[in-house]
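J.: Below are the chains, spelled out letter by letter.
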Amino acid sequence: MSDKKPNRPMYLLPYLLIGIYFGIVFTKSEVISWFRIQEMFRFQSFHMYGIIGSAVLVALLSVQWIKRTKKRDLDGVEIVIPPKDMGTGTRYWMGGTIFGLGWALTGACPGPMFALVGNGITVMVVAIVSAVAGTFTYGVLRSRLPH
Amino acid sequence: MIEFLSQPWPWYVAGPLIGIVVPALLLLGGKQFGISENLRHMCAMIPSKVELFQYDWKSGLWNLTLIFGVVLGGWIGVTWLENPDPVAISEATRSDLAALGISNFSGLVPSELFSWESLTSGPGIILIVVGGFLVGFGTRYAGGCTSGHAISGLADLQLPSLIAVIGFFAGGLIATYFLLPIIL
Numbered sequence: 001m002s003d004k005k006p007n008r009p010m011y012l013l014p015y016l017l018i019g020i021y022f023g024i025v026f027t028k029s030e031v032i033s034w035f036r037i038q039e040m041f042r043f044q045s046f047h048m049y050g051i052i053g054s055a056v057l058v059a060l061l062s063v064q065w066i067k068r069t070k071k072r073d074l075d076g077v078e079i080v081i082p083p084k085d086m087g088t089g090t091r092y093w094m095g096g097t098i099f100g101l102g103w104a105l106t107g108a109c110p111g112p113m114f115a116l117v118g119n120g121i122t123v124m125v126v127a128i129v130s131a132v133a134g135t136f137t138y139g140v141l142r143s144r145l146p147h
Numbered sequence: 001m002i003e004f005l006s007q008p009w010p011w012y013v014a015g016p017l018i019g020i021v022v023p024a025l026l027l028l029g030g031k032q033f034g035i036s037e038n039l040r041h042m043c044a045m046i047p048s049k050v051e052l053f054q055y056d057w058k059s060g061l062w063n064l065t066l067i068f069g070v071v072l073g074g075w076i077g078v079t080w081l082e083n084p085d086p087v088a089i090s091e092a093t094r095s096d097l098a099a100l101g102i103s104n105f106s107g108l109v110p111s112e113l114f115s116w117e118s119l120t121s122g123p124g125i126i127l128i129v130v131g132g133f134l135v136g137f138g139t140r141y142a143g144g145c146t147s148g149h150a151i152s153g154l155a156d157l158q159l160p161s162l163i164a165v166i167g168f169f170a171g172g173l174i175a176t177y178f179l180l181p182i183i184l
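Line order of the protein sequences matches chains L and R.
Numbering of the first sequence is given in my numbering, commencing with residue 1 and proceeding in unit increments.
Numbering of the second sequence is given in my numbering, commencing with residue 1 and proceeding in unit increments.
Just so you know, the hints here were simulated from the structure itself, not pulled from any lab data.
Backbone N, C-alpha and C fix where the C-beta goes; we use that ideal spot for every residue, glycine too.
Among the hints, a few may not be true.
What the hints assert, rightly or not - Dumping the calculated DSS-like pairs for lysine-lysine here, alpha-carbon to alpha-carbon at most 27 Å:
| hint | chain 1 | residue 1 | chain 2 | residue 2 |
| --- | --- | --- | --- | --- |
| 1 | R | Lys58 | R | Lys31 |
| 2 | R | Lys31 | L | Lys67 |
| 3 | L | Lys70 | R | Lys31 |
| 4 | L | Lys71 | L | Lys84 |
| 5 | L | Lys84 | R | Lys31 |
Claimed, not checked - Computed Cβ-Cβ distance ranges for the label pairs, DEER-style:
| hint | chain 1 | residue 1 | chain 2 | residue 2 | range |
| --- | --- | --- | --- | --- | --- |
| 6 | R | Ile182 | L | Gly76 | 47 to 57 Å |
| 7 | R | Ser48 | L | Gly87 | 22 to 32 Å |
| 8 | L | Val129 | R | Pro86 | 23 to 33 Å |
What the hints assert, rightly or not - From chain R, some residues computed to sit far from chain L (all C-beta separations above 10 Å):
| hint | residue |
| --- | --- |
| 9 | Met1 |
| 10 | Glu3 |
| 11 | Asp56 |
| 12 | Pro84 |
| 13 | Gly101 |
| 14 | Ser103 |
| 15 | Phe114 |
| 16 | Ser121 |
| 17 | Gly122 |
| 18 | Ala175 |
Working from the sequences, and respecting the hints, build out all of it.
T.: Structure below.
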């Protein structure tokens with residue numbers, strides 16, 4: 001089953017639909033709003049914490065269920081989630097802090113940047129191009145950064 | 001129905017709707033939810049000698065398709081399900097932001113800072129260009145963003161993800177309380 005690896009375009013359809021679903025949820029829950037992100041970082045509403053917290057809870061319960069029952073995916077391949085390598089831990093707090101600075105300034109993490117473009121805030125294309133440049137810069141500097 | 005869906009969705013609806021995608025992607029094709037991987041795939045499309053990008057970006061076609069869907073979903077959300085009212089942020093946030101000089105609260109984002117015209121102003125450039133750069137740099141350095149670490153990683157009880165999420169908040173608080181008052 002698993003060897004019929006997908007080169008048929010139809011295999012992408014579920015991902016397109018999940019993306020569309022996400023774009024709608026992001027928009028309607030206002031998590032793509034710069035105002036909502038500011039409200040979160042100022043601890044002035046439960047909204048964002050409720051969303052992230054309940055998303056984590058639902059994901060946690062289902063991921064633990066998948067792991068414990070050794071579920072297989074639709075292709076029959078056992079689902080494995082590789083653990084993240086801790087290393088010295090530097091990359092997580094340092095990279096995380098840099099990401100957080102950007103998150104509060106643009107008011108958008110990567111997913112919402114794309115949803116905002118769909119919402120007609122087309123200038124976010126510039127933020128996306130800039131984010132790609134940031135990722136590229138990390139790739140260039142990677143061997144010289146502490147991880 | 002449309003009228004009902006057009007209201008802002010409460011957290012207890014939106015959160016579970018987002019969280020359920022993590023097992024859906026795993027069960028569908030063993031895929032892990034991580035939006036910022038797409039930024040790396042876009043780098044891999046550019047011919048370069050950078051080691052991190054030496055792989056076939058088409059391996060991420062499913063994720064690139066997903067993010068294309070997010071753009072479409074955003075368009076559907078605003079075209080057919082638009083909420084005509086301003087984002088209902090708390091009074092406290094409104095007055096804090098007004099004190100920083102923000103006056104237009106009508107859209108999802110302050111139009112004075114996030115428009116093509118704002119790219120000619122210092123604050124606009126810092127928020128859009130510098131902010132975007134930091135998001136892209138930081139997410140790859142940390143090995144994931146809000147989706148990969150805060151949602152997928154915490155759901156898998158990964159300690160590195162918890163450290164990254166604490167970093168996300170530390171950075172966000174620094175930007176909110178120290179940088180924004182200087183920039184705006």
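J.: Hints first: check each against the structure and report whether it holds.
T.: Evaluated hints:
Straight-line distance between C-alpha atoms of R/Lys58 and R/Lys31 comes to about 14 Å, which keeps the hinted pair within the 27 Å bound. Our distance criterion of 27 Å between C-alpha atoms is met by R/Lys31 and L/Lys67, whose separation comes to about 14 Å. Straight-line distance between C-alpha atoms of L/Lys70 and R/Lys31 comes to about 15 Å, which keeps the hinted pair within the 27 Å bound. As the CA atoms of L/Lys71 and L/Lys84 are separated by approximately 20 Å, the hinted pair is consistent with the 27 Å bound.
Our distance criterion of 27 Å between C-alpha atoms is met by L/Lys84 and R/Lys31, whose separation comes to about 15 Å. In this structure, R/Ile182 and L/Gly76 meet the distance hint of 47 to 57 Å, their C-beta atoms being roughly 56 Å apart. Distance hint for R/Ser48 and L/Gly87: a CB-CB separation of about 25 Å, consistent with the stated range 22 to 32 Å. Taken as a hint, the range 23 to 33 Å holds for the pair L/Val129 and R/Pro86, whose Cβ atoms sit roughly 29 Å apart.
Look at R/Met1: its CB is around 14 Å from the nearest CB on chain L, clear of 10 Å, so calling it non-interface holds up. For R/Glu3, the requirement that its beta carbon stay farther than 10 Å from each beta carbon of chain L is met, with the minimum near 13 Å. No Cβ of chain L approaches the Cβ of R/Asp56 within 10 Å, the least distance being about 13 Å, so the stated non-interface status holds. Consistency note on R/Pro84: stated as away from chain L, and its beta-carbon is indeed over 10 Å from all of that chain's, at 13 Å minimum.
In this structure R/Gly101 is separated from chain L by more than 10 Å, as the shortest Cβ-Cβ distance comes to about 13 Å. The beta carbon of R/Ser103 is kept farther than 10 Å from every beta carbon of chain L, the shortest such distance being approximately 13 Å. Distance check for R/Phe114 against chain L: the nearest CB is about 6 Å away, which does not clear 10 Å, and the non-interface claim fails. No beta-carbon of chain L is positioned within 10 Å of the beta-carbon of R/Ser121; the least distance is around 12 Å.
Non-interface call for R/Gly122 relative to chain L: holds, since the shortest CB-CB distance, roughly 13 Å, exceeds 10 Å. At roughly 4 Å from the closest C-beta of chain L, the C-beta of R/Ala175 falls inside 10 Å, breaking its exclusion from the interface.
Hint check: violations occur at hints 15 and 18; the rest are consistent with the structure.
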